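With the sequences and hints as input, model every part of the structure.
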Amino acid sequence: MRCSLIALLTAQVLYMGLPATAQDKPLTEFPYTPGLDTSALDTTANPCEDFYQYTCGGWIKNNPIPADQARWSVYGKLYQDNQRFLWGILETLSHKENGNTANQHKIGDYFAACMDEATVETRGATPMQPVLDEIAAMRSKADLPAVLAKLHLSIADNGLYFGFGSDQDFSNSSNVIAFATGGGLSLPDRDYYTKLDTKSKDLRAKYLAHVARMFALMGEAPALAQQHAATVLRTETTLARATLSVVDKRDPYKLFHKMDLIQLQALTPGFDWGVYLKAVGLADVSALNVTEPKFYRAMARHWKNSSLDDIKVYLRWHVAHAQASSLSSDFVTENFNYFSKTLRGTPLQQPRWKRCVALVDAQLGEALGQEFVDRAFGPELKNKTLVMTEQIEQAMRDELEHLDWMSPATKVKAIDKLKAIVNKIGYPDRWRDYSSVAIARDDFYGNVTRAMQFEVHRQLGKIGKPLDRGEWGMTPPTVNAYYSAQMNDINFPAGVLQPPLFDPKMDDAPGYGNTGGTIGHELIHGFDDEGRQFDAQGNLKNWWTPQDATKFQSRAQCIVEQYAKYTVVDKIKINSKLTLGEDMADLGGMVLAWTAWKVQTTVVKPESRDGFTPEQRFFIGFAQWACESNRPEDLRVQAATDPHSPGKYRVNGVVVNLPEFGKAFACKPGAAMTSAKPCKVW
1 MRCSLIALLT AQVLYMGLPA TAQDKPLTEF PYTPGLDTSA LDTTANPCED
51 FYQYTCGGWI KNNPIPADQA RWSVYGKLYQ DNQRFLWGIL ETLSHKENGN
101 TANQHKIGDY FAACMDEATV ETRGATPMQP VLDEIAAMRS KADLPAVLAK
151 LHLSIADNGL YFGFGSDQDF SNSSNVIAFA TGGGLSLPDR DYYTKLDTKS
201 KDLRAKYLAH VARMFALMGE APALAQQHAA TVLRTETTLA RATLSVVDKR
251 DPYKLFHKMD LIQLQALTPG FDWGVYLKAV GLADVSALNV TEPKFYRAMA
301 RHWKNSSLDD IKVYLRWHVA HAQASSLSSD FVTENFNYFS KTLRGTPLQQ
351 PRWKRCVALV DAQLGEALGQ EFVDRAFGPE LKNKTLVMTE QIEQAMRDEL
401 EHLDWMSPAT KVKAIDKLKA IVNKIGYPDR WRDYSSVAIA RDDFYGNVTR
451 AMQFEVHRQL GKIGKPLDRG EWGMTPPTVN AYYSAQMNDI NFPAGVLQPP
501 LFDPKMDDAP GYGNTGGTIG HELIHGFDDE GRQFDAQGNL KNWWTPQDAT
551 KFQSRAQCIV EQYAKYTVVD KIKINSKLTL GEDMADLGGM VLAWTAWKVQ
601 TTVVKPESRD GFTPEQRFFI GFAQWACESN RPEDLRVQAA TDPHSPGKYR
651 VNGVVVNLPE FGKAFACKPG AAMTSAKPCK VW
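Just so you know, my numbering puts 581 at position 581 of the sequence shown, and the rest follows in order with no gaps.
Hints listed in this document are in silico derivations from the structure and should not be mistaken for laboratory results. If a hint is listed, it holds; no wrong ones were tucked in.
No more than 30 Å apart at the CA atoms, straight line, and that leaves these computed lysine-lysine pairs for DSSO-like:
{"id": "1", "residue 1": "Lys551", "residue 2": "Lys680"}
{"id": "2", "residue 1": "Lys150", "residue 2": "Lys258"}
{"id": "3", "residue 1": "Lys573", "residue 2": "Lys201"}
{"id": "4", "residue 1": "Lys413", "residue 2": "Lys465"}
{"id": "5", "residue 1": "Lys278", "residue 2": "Lys312"}
{"id": "6", "residue 1": "Lys465", "residue 2": "Lys150"}
{"id": "7", "residue 1": "Lys77", "residue 2": "Lys341"}
{"id": "8", "residue 1": "Lys680", "residue 2": "Lys254"}
{"id": "9", "residue 1": "Lys294", "residue 2": "Lys541"}
Source: prediction; values computed, not measured.
Right under this line is the structure:
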């Protein structure tokens, strides 16, 4: 993904928020920001010494991090503009009494129920009491499979010991099979439970206090709440120690362990999978992928060695943690104080409208997305994006055909994979059917639960059915893009194809540097250290000769060593084995965007503007998508969990490897933004 907003979305659905300020108003049209913004520049900086500061210094100065954000960026600002536009849509639909379609009625009522804070406050924690009663009614550990099944169907939180869903079979991408994944944690990564540095110990101590306060909100006496918090931390630490690292999870072979029910049962002898599967409606499942067998063995030992009461305590915590955003403000605020303020340094909760918009997008996203597309994404924009995509794919084909390090045999397979890539632009060809989702204007908690149940059943219902290759993994308003290795498709939602990221009013140079770089980035993901392990049909299959694989790894190692030298915050360096795929996609994507733009200049002659040559405008357009600021706490989380490097290095780390950049800005040999031995894979 060009820019990860998953953490941002997660933060928004974790807590309610404050009333909208006077400056927060719904939009009926987008505010325009040009694709190359001269006011964002810092012309006192030398582009050959720090290109990021040169292109983004003015933006950083003029755009301080809002108090309700852990980070702020060009992507984040567009995301908020999109949200305000969606707010305008939902506000109108929620008050319109006649003439709405069925979907318009659903999303309008969902939004109205979410915004009805008075009713939510009145109900307090009462809505989740039936779920807590289910847990309390357990009489033995033999009840756990049935109870977990009910929780997974209605809450679908991986913190409830493990995750269970569906995905494509790694060995046959046309088949959808059951996936049993790791889980069980609340903190961002396993290392938060095991590292012994002062900062990690402090965060664990504060987490322990937070869990105790949540138990107190559920009615427990302080001493008992503290005791139960210790049980939660002890359990999660046990599970964390058996969890794969974030780097290991980038290796698909380490996540592919196809089993039958007998083999799965052998991993967890005390847990009756027959009961669980029947309860989730999958009694006939015969094949599963267990992504982390070591985790499941550790979980089984935990169940065997733990008391029933401790298991109940753990489940109660994860129900409250997962449901906090749907409860009264005391739960919301407590959740915010730890997971946003303490972990990420965010001073203030976001206004309630942001959370409600995000929830509609998360749970009824294609119904809302259809409204967004109708108003903000026309066929001309879609066609222009498609033309650019096809140009960049041709640039990739030319690159493959002329590679001097890849053998003809591997080239044939690589080109076959390239030709098989499907381009998805703007929105799906067929909209999702939400007719079975019951939405009530006076039942916010119930709406969240029913929409979640719909999605869980939809996902589980795919198992054993023909694969729907037309499905999208993001909603149309999303400000992001992605490549799917198993679908072998690249996806550009309408939300990311808006100014300043994609500016149809701007000349081609910055557009190809920005959007062209994004397209190239996603395309390269099909050939990065992870994507290259899947073939043209999306199967996990080695199509490389041993010699070519070695040459690829050698070139990738150059990028690993380069980025490992960059500091994220304090003395924490980039975990360049974690960020390799994104770093490689950033670099390779710009190579392809440059090639495609040069072809485009034969169609539309480029001109100098604003005192910059077309080549300079290309690189400035590329860099300005990455302008951002982060709070130190958020940078620590990013360093531990985010496969993307910080924006500064997604710019400077790329241009240092592009001789075309040095030529465009007349950089002298030895300048910081030049390299005598640049890295290059694609």
